[in-house]
Structures are given as C-alpha cells and as structure tokens.
Amino acid sequence: MSAFFKNLYNKRRTTHPFRWWIKRKADSFKPELTKDNQKFIDDYFQTNFSTPLIVPDLFNKSQKVWTPESRRVGLIARKIGVYPMWLKDGQRILTTLLQVNDNHVIKCYNSEQFANQVIHQDRYRYQGLACAIIGAESDHFIKYSAGYAGLFVEAGLPPKKKLTKVPITDDALLPPGTPLYATHFRPGDWVDIFGLTIEHGFQGVVKRWDFAGGHPINTTKWKRRPGAIGHGRRAGGPHKGKKMPGHMGRERKTLNGVEIMRINTKENVIYVRGPAVPGETGNFCYIFDTKIIEKKLTEKNPPPFPTYFPGDNELPVDLYHPDVHRFEDETIQFVETEKEQQQRRTGAKIAKIRK
Amino acid sequence: MVRHYNNALPRPSTANKKLIPILPPEVKVKRGPISLNKVWYRGSSGRLIVIGQHITQLFKFERITLDYHHALEVQGYTERLITEAMRNGDRHIPTMELADFYIHEKQLVHKLFKVLVPRYIDYTDSFTKLWRLSPALSREDIITGKVRHADKGCLELKGNPLPPIEPPKYISRKSYLTNVLLDAAKKDFYASKQFSDNQTSKKKVETSAWLENFNSSLELISIYRNQISDIKHI
Amino acid sequence: MVLPRVIKLIHSYNVPLYCQLRSASRSWIYKGGKGIDKGKGFSFTYTSTPDDKRQIPLSQKLIPEELESMRLKYPEFLPSTKPEHRNKIKTVLEHNDMLQRRNNIDIPEFYVGSILAVTVSDPNAAGKISRFLGICIFREGTGLNSCFTLRNIVDREGIEIRYDLYNPTIRSIEVIKLEKRLDQDLRYLRDAEPQYSTFPLDMEPELRKEGAPVPVNPIKVKMLPLPWSIDWFKIRYQHQTYGIEKMRGVWEYYYKRSVHNRHHNEYEQFDLMKEYRSHIPEDAQLPIWNKLSDYEKSTSEIKKKARRAKMIKR
Amino acid sequence: MSFPGNSRLLNQISLLVNYARNFNTSQILNQARIGTFMRVVDNSALGKQAMLDGKPPKIIGIYRKPRIAELGTKVIVAIKGQKKKGVVVGLVRLQKPFVPRFDSNNMVLMDDKGNPLGTRILVPIPNLIRKETYGLNKIIAIATRFV
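Residue numbers (the UniProt record's numbering), protein chains in the order written: chain A, 1 to 355; chain B, 1 to 234; chain C, 1 to 314; chain D, 1 to 147.
So here's chain A without its partners, still in its complex pose (with noise of 0.2 Å):
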C-alpha cells in the first residue's frame, strides 16, 4: 500500500503542465529576418539585460534574525563532474562539482497570496508558508513566447531556462531581481539535493531489480527472465508492487544530508561530498537546508539571512572546510608518538638478536 500513497502525492516521473501555465518556448519558425533586424536585436538585449540588476541598500532594509523555525530559499545548479579530494588525515573523498550560474529570485508571494494558490493536494504541507519563484541561466529572450518573457519584465532580467517554486516563511521574503550566489551556504553546512536520475529507457528485470535471472547454457529460454509472478490459486495472481520490466531512471530523488566540502566564490561552484548526487553530468539539480534534524542550523552559528550579499570586504576565491586538505599546503606528514618509538626500538633489537 505504501507504493501506493506514494504515487499520490509524489509524481514519480513526469509533470504535465497546467493548461492555465504560460506556454514556455516560442514555436520553431524561422524569422527571415533581415541583417540590420538581427542587429537590433541583439542590441536591445544588450542594452536592457546585459548587465544584471543591481539592488543596492535593498539588504540593510529587510536585514532580519534567522529563527530555527525560518526557512530560507534554495538554489538552483548544475552537475558539473565528480572529482577526488583529499583529508588531513590522508583519506581520498570523492567530490560532485555543482556551478551555481546567475540565479535570481524573479517574485515572492506572501503567506495570503500563497494560500490562495496551493492547489488542494498540497494544502496541508503549505501551511502558513510563503513562496518565492527562482531562476537559473538568463538566455536570448527571442527563444521564448512573449508571455514567457513578460514575466521577467518586473525583475528586470532577461528570461531564465529554470524555475522553481520554494516554500519560504515569511521573514525570508525577497525583492525581485535579488541575486543569489554559491555563498548562501557555508563549507562546513548540510544540505538536501534534489534532482532527476538517468534515464535508462525501458529495461528488464536483471538490470532494473537486479535478478538474478538464469543459466545461459543449459537451459532453453531461461537467460534474463522474471520467472514466476504469481502463485496459487487462493492468493490470485501477482501482488501489487511485483517488481517487473519497465522505464527505469529518471525518477524524482533527494539526498538527504549531504557536507558541503569546498566553495569557489569566483566560478560559484559548490563541491559536495559524495558521488551520489542524482542526475548525469550537466542535468539541473535543486539544494535547500536540511529537514535532517540532526543536522540542521543552530543558533549558534546561524547562515546569511536572507541571503548572502556582496559587501565591502571580498571573499577569497576558495572557502574550505576545516578537514579538508588544500592544495597549495605542504605534504601530509605523520608524527610518531613514544610509545611507537619504543615498540620501533625494541622491535629492532629482537631482530638483530635472531640473526
């Protein structure tokens, strides 16, 4: 039953639109347009988004107290590659690299505006929450439908390849147009990770549940087979949930708990520990605060709220966390405590006596 209550609330593949969305990309015509019309163009784009939107004082107004109770937004990223880094203690960790490129928050609803929106589903887990809409990757605005692109017009930025809805409360609202970078975590932070697996298209039963299937030679039409589904005549037929050939991949997965190692403030691009981050390399994925309670934010050290802003004082280009060993430093070497020294010492004398 559970897989059951599961595919209710929990889309586990796809997400049709909402016939009342905005239609998203403009149809694939060909303008034939003429030189200087291409021209001007791409001279409007630079002129009015080129540059991005600067938003100054705009922090020191809705400067707040982060609260254990407050949630702050996300950011959106993509999955660069996997590489190795290396501890103080000489242990090899493997690193996911996720670049954060120009996110923006495009507009914010309050906890009223919310609710009016939250379709019946969903209702219950929204409760009281407000919501903030984010954006990834500004692109040429002539790909998309007008309407797409006019919702970006009170932001004052060009249209987004990416947008996401996040659950916020309300003391974490943000203007539109506020940028978001890399840095509104910390190395050292834990973090949830959403995103889409690979795809492996429609697969059989050895690959997608790991049967064991049969013996190749001995037998007649018994290789990658399920074999039997069901049994009896009482129980009838096969149960729900058997495990069978079907698509396999591209299923909606969070990490939870995951370190933060490293952050490249230059490229914003935050190294994860762990290979496991769902998704190929280059697929969009999702980061949020934890819901790990044992691994949530403290009073104690409490992150940038709302978000991180640029202030006078310029970050270093690599933030690291305190057991990660940096490549510019030195060798690792060990040092031998004294009781190893005099086991060293009278291991060798026994030594020299046997021979």
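Keep in mind that the hints were calculated from the coordinates and are not lab data.
Each residue gets a CB set at the ideal place from its N, CA and C atoms; glycine is no exception.
Certain hints may be false.
[What the hints assert, rightly or not] Covered stretches of chain D (in silico footprint by chain C; criterion: 3 or more residues with CB under 8 Å from a CB of chain C, positions within the stretch not fixed):
no. : stretch
1   : 53-67
2   : 97-110
[What the hints assert, rightly or not] Straight-line distance between alpha carbons at most 20 Å, and here's what the computed DMTMM-like set of lysine to aspartate or glutamate pairs gives:
no. : chain 1 : residue 1 : chain 2 : residue 2
3   : B       : Lys28     : C       : Glu68
4   : A       : Lys339    : C       : Asp122
5   : C       : Lys304    : C       : Glu210
6   : A       : Lys266    : A       : Asp312
7   : B       : Lys30     : A       : Glu280
8   : C       : Lys180    : C       : Glu204
9   : C       : Lys297    : C       : Glu68
10  : C       : Lys310    : C       : Asp164
11  : B       : Lys18     : C       : Glu140
12  : C       : Lys82     : A       : Glu199
13  : B       : Lys18     : C       : Asp185
14  : C       : Lys274    : B       : Asp100
15  : C       : Lys297    : C       : Glu65
16  : B       : Lys28     : C       : Asp51
17  : B       : Lys18     : C       : Glu66
18  : A       : Lys296    : A       : Glu69
19  : B       : Lys30     : C       : Glu140
20  : C       : Lys88     : A       : Glu137
21  : D       : Lys83     : D       : Asp111
22  : B       : Lys17     : C       : Glu268
23  : B       : Lys106    : B       : Glu62
24  : D       : Lys131    : A       : Asp89
25  : A       : Lys339    : D       : Glu132
26  : B       : Lys17     : C       : Glu65
27  : C       : Lys177    : C       : Asp202
28  : A       : Lys143    : A       : Glu280
29  : C       : Lys303    : A       : Glu328
30  : B       : Lys18     : C       : Glu204
31  : C       : Lys88     : A       : Glu267
32  : B       : Lys17     : C       : Glu68
With chain A fixed as given, assemble chains B, C and D onto it according to the hints.
Relative to chain A, chains B, C and D alone:
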C-alpha cells in the same frame, strides 16, 4: 541498480597516441557507430566495406543519393580520409593502405591525391555537404524492387562541376511582416536616450513605454507565425 | 551491379526537380531543434561548435613542434575521451588544483617502462614512512584521478602497488632509470619470467643529461608456459602487444578463437571514425599545452635550484 | 583455478594431450573466498610439508560477515587432513591505492589461541596489517620485511 564490474582489466587510453584535427560542425558524429547491415556484408568488418562502396562512388560522380543514415556515417569517413591524404601525402605507406582499402576502383586513388587534395588545401570548413531529402519513391526504385521507407540523403563533394542543388537566393525578405514591424521599432530605439546612455555608461534602465510597444510587436509576430503555420497545413 | 550505379547517376542530376529540400546545416539561432542543452561549458558533441570555428586550414598542423611531446609527457592533463563527461569549467578548476600540487612536489616526467622509487608517509608504517622501488607498468585515469602502478619482485614474491599521482601523502617521486618500452601496458610481466621485473630496492639513480631524448628499450620478454592469468596477446589493433616474444602455436590459437567469437574486426586498423572517437582532437589540446608551457617556463629555474641542492646533499 | 608450485608443469603436460580443452583464461584467484587454495608463507613444519606435497591449504570458513577474505581477516583452513586457523597476509585481488597486491594468496598458520605456528615469515607483508584494530601483534613480531 548495482553495477557488476567485470574482471577484465582497464585498457590503456589511446587519447595521446595521434594528433587528429577536429571535425567541423557540419559533420554529425554520433556517439557510436551505426549498423549498416546488408545481406552479404555483415558485422563490424562488413560495415567498412559498405562504406568503401559509397566512398568510391562519391569520388567518381561527386554527388550521390543514398539512405540518410548511411550518408551520416559516410560523411565522417570521407572527411577523415581526405585530411589523412592531405597531411601525409602519397608517399606515406599507412595512408596509401587506407586509400587502397576504401577506394575500390584504383584509378580513383590518383584522383584523391592529384585532384581532391589540391582542391581542399585551403579549406577550413567541411569538404562535403549533406542534404536531407524527403522519402522519395522513384520509378527506378520500384522497378528494381528497392522500395524503402528510409529517408533519402544527398551527399556531395564541395567545389564540384555539377549544377547546384540549392535554389538561388534572390528573394528579398524586407517585405515580410516581421521585418516591417522591426524596422519601425528600430528607428525609435536608436533615436531614444536609452541606447545612447548605454553606449556611454552601462546602467540599469527602467521600463518605458516603447518597451511595451516592443512587447506588443512580439505578440504580433507570434500571431503571424500561427497564421503561417495554418497556411502550410492547407 | 551496373544498373543501380547508373540509376544513382540519374538521381544525382534529377534531385532538385522532384524532391523537397532541407539543408542539414544549422540556422541562425535555433540550435538543432531537439538537441539537449547542457549548459555553457559543456561540449556534448565530438565536433567543434559554430562559435569557435577553426581559422587555420585542416591541412596544416595546429600544434607547434615544441609542444608535440607534451601529450606524452603529461597524459593526465588530457580530458576524458567521452564528451558527455567533459566540462570546460571543471577542467579549468581541476588543472588549477593539479598545478598547485605540483608547486609543492616535483613530479618528474616518466613513462611506462621507467624505474621509479616512491616514498610515502604512511600512518601504519614504522617511522611513518615507507619506500618502494619498481618498474612502472601502467598509467591510467585523467586529471586528479590519475594513477600509476609499480612492480617489483622482493624475496621471490611479486608485488605491485598502485599510487595516486596527486595524493598529498606522497613525499617524493624519484626517477631512477628513464626509458620507454614498446608497449603502453606492461602488465604481462606478471606472467613473464621473474628476471624481467626484479630490481634491488637500493638501486642507484642513473645520471642523465638534461634535454637528451628518452631512449626506447626494444626488449622482448620471454613468457612463462601456460596457463596465464589473461590472454596477453591482444589482437585488437589499438592495444596490440609488441614486447612479447612470440610463442609457437599460442598466437594462432588466440587469433582463431577471437575471430570465431567475433571479438575481432579484421579491418579495425582502417576504422577511421573509431580512431577519431577514441582520441582527443588537437584543437581541444592546444589551450591546455599553451597553459602548461607557460607554467613550465615560470617554474623551471626554481626546480633547477632544488635539483642542484639535492645533488649536493648526496 | 591455478595452483602455485607444480601446477604449471601439470598443466603443460595436459596441454599436450588436449590443447584446446584445458585452456583456462579466466582471471585466476581474483579474491579469497571459501574454497580457494592459499599459500603458506611461514616456516612452520606443517605448512612446508603441505606446500612440498602439492596440497596447499583450502579455506573452509571466514570470520567475517560478507564471506570474502581481505587483508588481515582470520580464516579456517583444511591442511593435510587437519583443521587450522590462519591469517590472510597477501592477496592477488586489486587493492586500494598504496596497498600492495601480491602474485599469490598468502597466509600464516596459527593455533587456536592465536599464536603463530612458525617462527618467521619468508615474504614481505603489507603495512596495513600493523593497524591496531586488527590486533595481530604476534604475527607482526615474526615478520621480516614490510612493504
């Protein structure tokens, strides 16, 4: 899913073995090879023989029609063969073996080194051009019993003496509705302060009246697009 | 066979008359319609993009002669051959980290077949240091993942150790004999006679002139009688073994079996596109080698001084 | 499977009889698990005799929950009709970086109390076994060389 690793050892990487120029963007290179199975030429070794047949014909007639998925494979092989011939010349034994393998008619080997290599020696683009044709059922195909539903493609060597495939571009597009509307918006834009301000100092510009005009023109374009699509269906 | 050829000739002339035309080239803004968009620094294709077109004609070599040996010297700086794993920003960050590590430790140039001695700070070892000497059998991996294996026979027991090249616990890598072999993969020494992989652990380094060409050792190894752990006579074109002395009957047996099982393509050496896919084109290599040569020039004097100081200590 | 010692000779003779059938190309001794034949490395009389006779010890049981023997795991072996304990000291299996891989699967014999039967180990031993959590001080004491 648990990945079962084989006991087989990892192979040494061949990434540093040779220096090969990058293929131009007109050539479409797939992730893996496409199977070109024929009755007599099967498997990975037979595939190369089929490609060799196409390449000899291409060098002979300079323009051929064939199945589109065949043409996709053949294009890359011809490009690489010509670049190898250009780089190493006709006194290099491995390249001569290559030419001997791919070109079935031996007088065409001379054509490769004496005609095609000097023709393409200053090219930075691709040497071939690929056209996608609609699935054509011609009379000859029906007579020979070669009716297929695969898309046809036309592959040609650039700089050939045959008449061009593409119709000449003499139509002026100034009278199109999109261009007329944009011409009107253009004058206002270049006369306005925004453009001149942006040239001197780049600052954030507030939304103005003419931007709304532009948005409305975009809507008009979208309407116009829909009209055209309707006309096409009729 | 004459008829279809004639028909194709007719086709070539009649094409524009009865066919709709669609050009395969890309339009002004719409990139390929259904293509997957994977971000700015992501090159998903094997070919070049229309934005960065090649300026020099394809007949000329792009990489100058001074930099041609760099791809053999620093094989770990080449990105992976699969374009779906490649990303420009990732490679830049990775190369910066690698060069920063190279500032702290002198990683010399070495090849498969040269003899090395590696000292490592090990928490379990006595005195927290362990040293091993052996012949380099194999190099694998790209970027920070790159590693190499050393093999030696100590007390009549064959030992192999795999080292990460950029691990910060490595104290020093010492080249004792710099030479190349006929193969890129010498793992067949496991089943060869033991004399080919025994070296004394206190071997002294050979003196070598700076800038002299690296010698190639054309030795052919005698193998032990069958059975082996793996069939080392790989017949595949790209991974052929040259350094094994041929044995009577064995090579023919493996050849026949591989043809029978269809593992072997007879014309694989002529497969041009397979070769292209497994290589990295020179246009992608050039910016990497330019960056590395600049780095070499800036640090050459410092490294020379360090080497001299080492020599004086001995 | 291939055996150290005389196995190569035996196989060579069998090759002459039937060339193709006795060909074995699978990767040998990939990991030590129940049923693998080990090589005794210390100088105990029992172990020496077993290796000379061409009857190497065979693993019967492994003191580890996934029944795959790694470096430093204690195992039970059948040797010359007896049941003995032992410690795995070297493996052919591909190891982590900085951990050596050997050409044969090596072990040292012990009695039930954990004392080694021999007085010396004849081949080098990996440094990993010196870890305190392994608790193999008695075997480290008789080792001659570490790698």
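**Prompt:** Under a C-beta cut-off of less than 8 Å, do 3 or more residues of the stretch 97-110 of chain D approach chain C closely enough to confirm the stated coverage?
**Reply:** Coverage by chain C holds here, the residue count being 9 at a Cβ distance below 8 Å.
**Prompt:** For the pair supplied as a hint, lysine 143 (chain A) and glutamate 280 (chain A), is the alpha-carbon distance within the 20 Å limit?
**Reply:** violated (25 Å)
**Prompt:** Can the stretch 53-67 of chain D be counted as covered by chain C under the rule of three residues or more with Cβ-Cβ separation shorter than 8 Å?
**Reply:** violated (count 0)
**Request:** Starting from lysine 297 (chain C), check that the Cα of glutamate 65 (chain C) is at most 20 Å away, please.
**Result:** Within the cut-off at roughly 17 Å; holds.
**Asked** Can the restraint linking lysine 18 (chain B) and aspartate 185 (chain C) be considered satisfied, given a maximum Cα separation of 20 Å?
**Response** The hint holds at about 17 Å.
**Request:** Verify the proposed pairing of lysine 339 (chain A) with glutamate 132 (chain D), using a straight-line Cα cut of 20 Å.
**Result:** holds (13 Å)
**Request:** Quickly compare the C-alpha distance for lysine 88 (chain C) and glutamate 267 (chain A) to 20 Å and report which way the hint goes.
**Result:** Status holds; Cα separation ~12 Å.
**Request:** Sort out whether aspartate 122 (chain C) lies within 20 Å of lysine 339 (chain A), counting only the CA atoms.
**Result:** Holds - the C-alpha atoms of aspartate 122 (chain C) and lysine 339 (chain A) are around 17 Å apart, at most 20 Å.
**Prompt:** Is lysine 18 (chain B) close enough to glutamate 66 (chain C), meaning Cα to Cα at most 20 Å?
**Reply:** This hinted pair holds, its Cα atoms lying about 16 Å apart.
**Request:** For the pair we were handed, lysine 18 (chain B) and glutamate 204 (chain C), check the Cα-Cα distance against 20 Å.
**Result:** violated (35 Å)
**Asked** Can the restraint linking lysine 28 (chain B) and glutamate 68 (chain C) be considered satisfied, given a maximum Cα separation of 20 Å?
**Response** violated (28 Å)
**Message:** For lysine 30 (chain B) and glutamate 140 (chain C), compute the direct alpha-carbon distance and say whether it is at most 20 Å.
**Reply:** violated (26 Å)
Against the hints set out earlier in the document, violations occur for numbers 1, 3, 10, 19, 28, 30.
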